[in-house]
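Taken in order, these protein sequences are the chains called A and B.
With this note's numbering, the residue at position 114 of the first sequence is 128, and numbering never jumps.
With this note's numbering, the residue at position 337 of the second sequence is 351, and numbering never jumps.
There's no promise every hint is true.
Same chains, same names: a pair is fine if it fits in one copy or spans any two.
Capping the alpha-carbon separation at 25 angstroms, the derived lysine-lysine pairs in BS3-like fashion look like this [stated by the list, open to error]:
id, residue 1, residue 2
1, Lys46, Lys276
2, Lys276, Lys23
3, Lys46, Lys23
Hints are computed from structural coordinates only; laboratory data are not their basis.
Protein chains: 2
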Amino acid sequence: MNPAIARLKPYAFTQLGAQEASLRARGVRLLKFGVGDPEDETPAFIREALIAAVTPAGRYPTAAGLPELRGAIAAWISRRYAVTADPEVHILPANGSKEALYNLAPLLLDGPSAGTTPQAVAIPELAYQVYGDSALLHHAEAIPLPLDGDWLPDLNAITPELGARLKLLWLNFPNNPTGKVAPLGYYRDALDLADRYNFYVASDEAYSELWYDRPPPGLLQAAAPRGYHRAVVFNTLSKRSNMTAYRSGFIAGDPELIRVMKNVRPRMGVATPEFIQRAAVAAWEDETHVQAQRARYAERRVLFLDLFRRKGVQVEASEGAFYLWVRVPETAPGRDAQRFAERLIEHGLVVLPGSFFGPRGREYVRLAFVPPLDVCREAVAILDRVL
Amino acid sequence: MNPAIARLKPYAFTQLGAQEASLRARGVRLLKFGVGDPEDETPAFIREALIAAVTPAGRYPTAAGLPELRGAIAAWISRRYAVTADPEVHILPANGSKEALYNLAPLLLDGPSAGTTPQAVAIPELAYQVYGDSALLHHAEAIPLPLDGDWLPDLNAITPELGARLKLLWLNFPNNPTGKVAPLGYYRDALDLADRYNFYVASDEAYSELWYDRPPPGLLQAAAPRGYHRAVVFNTLSKRSNMTAYRSGFIAGDPELIRVMKNVRPRMGVATPEFIQRAAVAAWEDETHVQAQRARYAERRVLFLDLFRRKGVQVEASEGAFYLWVRVPETAPGRDAQRFAERLIEHGLVVLPGSFFGPRGREYVRLAFVPPLDVCREAVAILDRVL
Numbered sequence: 015m016n017p018a019i020a021r022l023k024p025y026a027f028t029q030l031g032a033q034e035a036s037l038r039a040r041g042v043r044l045l046k047f048g049v050g051d052p053e054d055e056t057p058a059f060i061r062e063a064l065i066a067a068v069t070p071a072g073r074y075p076t077a078a079g080l081p082e083l084r085g086a087i088a089a090w091i092s093r094r095y096a097v098t099a100d101p102e103v104h105i106l107p108a109n110g111s112k113e114a115l116y117n118l119a120p121l122l123l124d125g126p127s128a129g130t131t132p133q134a135v136a137i138p139e140l141a142y143q144v145y146g147d148s149a150l151l152h153h154a155e156a157i158p159l160p161l162d163g164d165w166l167p168d169l170n171a172i173t174p175e176l177g178a179r180l181k182l183l184w185l186n187f188p189n190n191p192t193g194k195v196a197p198l199g200y201y202r203d204a205l206d207l208a209d210r211y212n213f214y215v216a217s218d219e220a221y222s223e224l225w226y227d228r229p230p231p232g233l234l235q236a237a238a239p240r241g242y243h244r245a246v247v248f249n250t251l252s253k254r255s256n257m258t259a260y261r262s263g264f265i266a267g268d269p270e271l272i273r274v275m276k277n278v279r280p281r282m283g284v285a286t287p288e289f290i291q292r293a294a295v296a297a298w299e300d301e302t303h304v305q306a307q308r309a310r311y312a313e314r315r316v317l318f319l320d321l322f323r324r325k326g327v328q329v330e331a332s333e334g335a336f337y338l339w340v341r342v343p344e345t346a347p348g349r350d351a352q353r354f355a356e357r358l359i360e361h362g363l364v365v366l367p368g369s370f371f372g373p374r375g376r377e378y379v380r381l382a383f384v385p386p387l388d389v390c391r392e393a394v395a396i397l398d399r400v401l
Numbered sequence: 015m016n017p018a019i020a021r022l023k024p025y026a027f028t029q030l031g032a033q034e035a036s037l038r039a040r041g042v043r044l045l046k047f048g049v050g051d052p053e054d055e056t057p058a059f060i061r062e063a064l065i066a067a068v069t070p071a072g073r074y075p076t077a078a079g080l081p082e083l084r085g086a087i088a089a090w091i092s093r094r095y096a097v098t099a100d101p102e103v104h105i106l107p108a109n110g111s112k113e114a115l116y117n118l119a120p121l122l123l124d125g126p127s128a129g130t131t132p133q134a135v136a137i138p139e140l141a142y143q144v145y146g147d148s149a150l151l152h153h154a155e156a157i158p159l160p161l162d163g164d165w166l167p168d169l170n171a172i173t174p175e176l177g178a179r180l181k182l183l184w185l186n187f188p189n190n191p192t193g194k195v196a197p198l199g200y201y202r203d204a205l206d207l208a209d210r211y212n213f214y215v216a217s218d219e220a221y222s223e224l225w226y227d228r229p230p231p232g233l234l235q236a237a238a239p240r241g242y243h244r245a246v247v248f249n250t251l252s253k254r255s256n257m258t259a260y261r262s263g264f265i266a267g268d269p270e271l272i273r274v275m276k277n278v279r280p281r282m283g284v285a286t287p288e289f290i291q292r293a294a295v296a297a298w299e300d301e302t303h304v305q306a307q308r309a310r311y312a313e314r315r316v317l318f319l320d321l322f323r324r325k326g327v328q329v330e331a332s333e334g335a336f337y338l339w340v341r342v343p344e345t346a347p348g349r350d351a352q353r354f355a356e357r358l359i360e361h362g363l364v365v366l367p368g369s370f371f372g373p374r375g376r377e378y379v380r381l382a383f384v385p386p387l388d389v390c391r392e393a394v395a396i397l398d399r400v401l
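So here's chain A without its partners, still in its complex pose:
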C-alpha cells in the first residue's frame, strides 16, 4: 500500500462523528457546534430546480459541465469581485470543492524521487485536513506555514530553500478554523512570491460569502490583472447556499491549469450530475437567499460575542465564516483546549478543540454557530453556567 497512508492522521470528522454517536447512544443530548455543517434549509427554489431537472432519461455528465453553469459562475465572479473570467478559459465546475482540492496535487506534483529532496506543499499550520492529506498521499512534503500574531500564514517563512522545491501554497480566507480574513495586499504578496519561486497559489474560499462587515477580498481580484497566472480558487455552494448535501462548487483561475484540468479531470470521475448542475445554476444566480443566510448567522454570532465579552473570554480573528475562535479562559486547567472541550461536552455542548487543527490551536476552541437561534440560546446558557 501507499506508505503515506500509515502517516495520515485519522480523518477528524469521521472520528468526531463516531464520538458523538457514542454519546448520543448513552442518551446525552448534544448541541452541535463542532462540525461546520450548515443546518438551515436549502432554499426551496434551488431544490425545485434540481427536481425539475430530473429527466426520464439522463446521460453521463461531463467534467467540463454545462455551459450554463460555467456561465453562471463567471457572472457571479464578475458581480462579486468586479473582475472578468472567461467561462471557457478560466472556470470549471467541481463535484463539491473537497474533491477539487484533493485532486489538485496529482496535477502539480512529480512524485518522489529517491535521493532527491521531495517537492513541498505549504499549508497554514492550522488548516482543513484535506490540503495536507492530499500532499502526503501524492508523495509531497507538507510544510506547515507558521501563523503570525494576526493569524495570517507568514509568507516570510517561504525562504529561497523552501521556494526552490515548493509547488503549491494553500490559503484559506475567511479561514477555517480562525475566521480570519486576509487583505487584498496579502494575496498580491503571495502571487509575487509564486512568480519568484514558480509555484501555484491555491485559495480555498468556501466561506467567502459568510461575512459580517464587508465582503472579504479574494485571490481572483489580485490575480485578474496578472491574467490569473499561478492562481487557482476553489469555491462551493455548501456554505453560501446551504448545499453541503449537493456537492457542487467551482475551480477558477490560471488558464494553463484549467486547460490541464479539462484534459485530466474527465478521467477522474468528478463530473457532477446535471440535475445538481441545474440547481447550482439557480443558486449562483441569486443573492437574496445568501443575504438572508448571512443575516441568520449574524444574529447567532452576536449572541455568542455578547456572552464571551460579558465573561471576559477573548475571541480572536473571527471576522468571517461561521466560526468563533475562542481562547480557552485562563481559569480552565492548563488552558488546554482538549480538556476544555471535554468539559463542555459533558454539559451537552460540542465545540472543536483548536488542537484538532494543529498544535498552534491548543489554547483555542472553534465554535461553529450553525444551529438555529433557539439552540444557540441554549448553548449560550450552558456557557453562561460553565464559564
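Once you have looked at the hints, place chain B on chain A.
What follows is chain B alone, placed relative to chain A:
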C-alpha cells in the same frame, strides 16, 4: 506539472463528443452507436425515490454512505452471486464507478523512486482508458496484457519478473470493448497469481447485468471462499438501471483494502449526495426493471446479429454488455477500423474503431446498441446498404 500528463492520450470520449458536435453543426444527423451511454429511461420509481429524498435541509454525505445502501448492495451481491458480503466489512458505495477505479491506484502505489524499477499495473491490451491513465498519473508503469485467441487477457504474460513489481491487475467482464465474458475458473487463476506475487485483482463489472444467455460469473464468487483476499470489485447502476446521470456504484472485496478506503476516501471528496444514495437503494432492491432492460437490449442485439450473419460479417466475443465486436469486412480497404468507421459516419452511423482501445483492435469496430429499436432498424438499413 506532473510529467505523466504530457504522456496521457486525449480522453477518447471528450474527443469523440467534439467530433460529433462538429458533424451535427454541419447538419449531419448521426445515429449514435459509438459511446456506451444508455439512452433508455431511468425507471420512474428510482427517479421518485430521488425526488422524495430531497429534504429541505441536507447534510454532508459520508464516504461510507448510508447503512441502508451498503445493506442493499450486500443483499444484491448475495442474490446475484450466492456469496455473503458483510456491509460493514466488505462494501463501500462509490460516487459512480469511474471515480472508484481512478482512486484505487493512489492507495496501492508507492510512487516512483529514481533508479529502481517502477511499480506496474497490468491492463488488458484493449481496455477502458481510466485504468491506465490512473496508473500513469500515479507514476506506475501500465503493462498491456495481451489478449489470447479467445479475447481473454493472457495470465501467462504475468511472468515472475513482472509479478515481482506488479501491484494491480485490471480485469473487466463482460468486457468493454469486446463483450467477452470470463469463466469462473479464470477469476480463480487470477487470484492464485495474486497470492503468488502479492498483487490485487481489480474487476470492473459495470456490465455484469447485461447478458443474453446466463448471468456471467464475477470475481466475488471466486474470491468469497478466500475471504475476498486480494480481490476488489467495482460495479455501478449506470448500465444496470440506466443511471449514468446519477453517479452511483459500489466497491466490494478485500476487508483490509476496504478498511484503508474507509480511512482515506473521506479525504477524497467522493461521498455521494444522500438523495442519490436513496435512489440507489431503490435500484439495487429491484430486478424487474433490469430484466426489462436486458430484454430491450436483446431485441436490438438480435437485429444486428442477424444482419451481420446475413452479410457474412464476423462478430467475435460479444457475449455480454451492449457491445458487438465486429470484424471489419475483408472487402474494406486495408481492413482498417478507423477508415471503416469514417465511412460509416459519412452515412450517419457512429461506431467506435477498435483501434481507439489499443492496436489489437485495429481490425474491429465496437457497436454499442444503446439507441431505441427504431433507430437500430435505421442503423441496420445503413449497414445493409454499406456492407
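Inset, instruction - Any hints from earlier that this structure breaks? Give me their numbers in increasing order, please. - result: none
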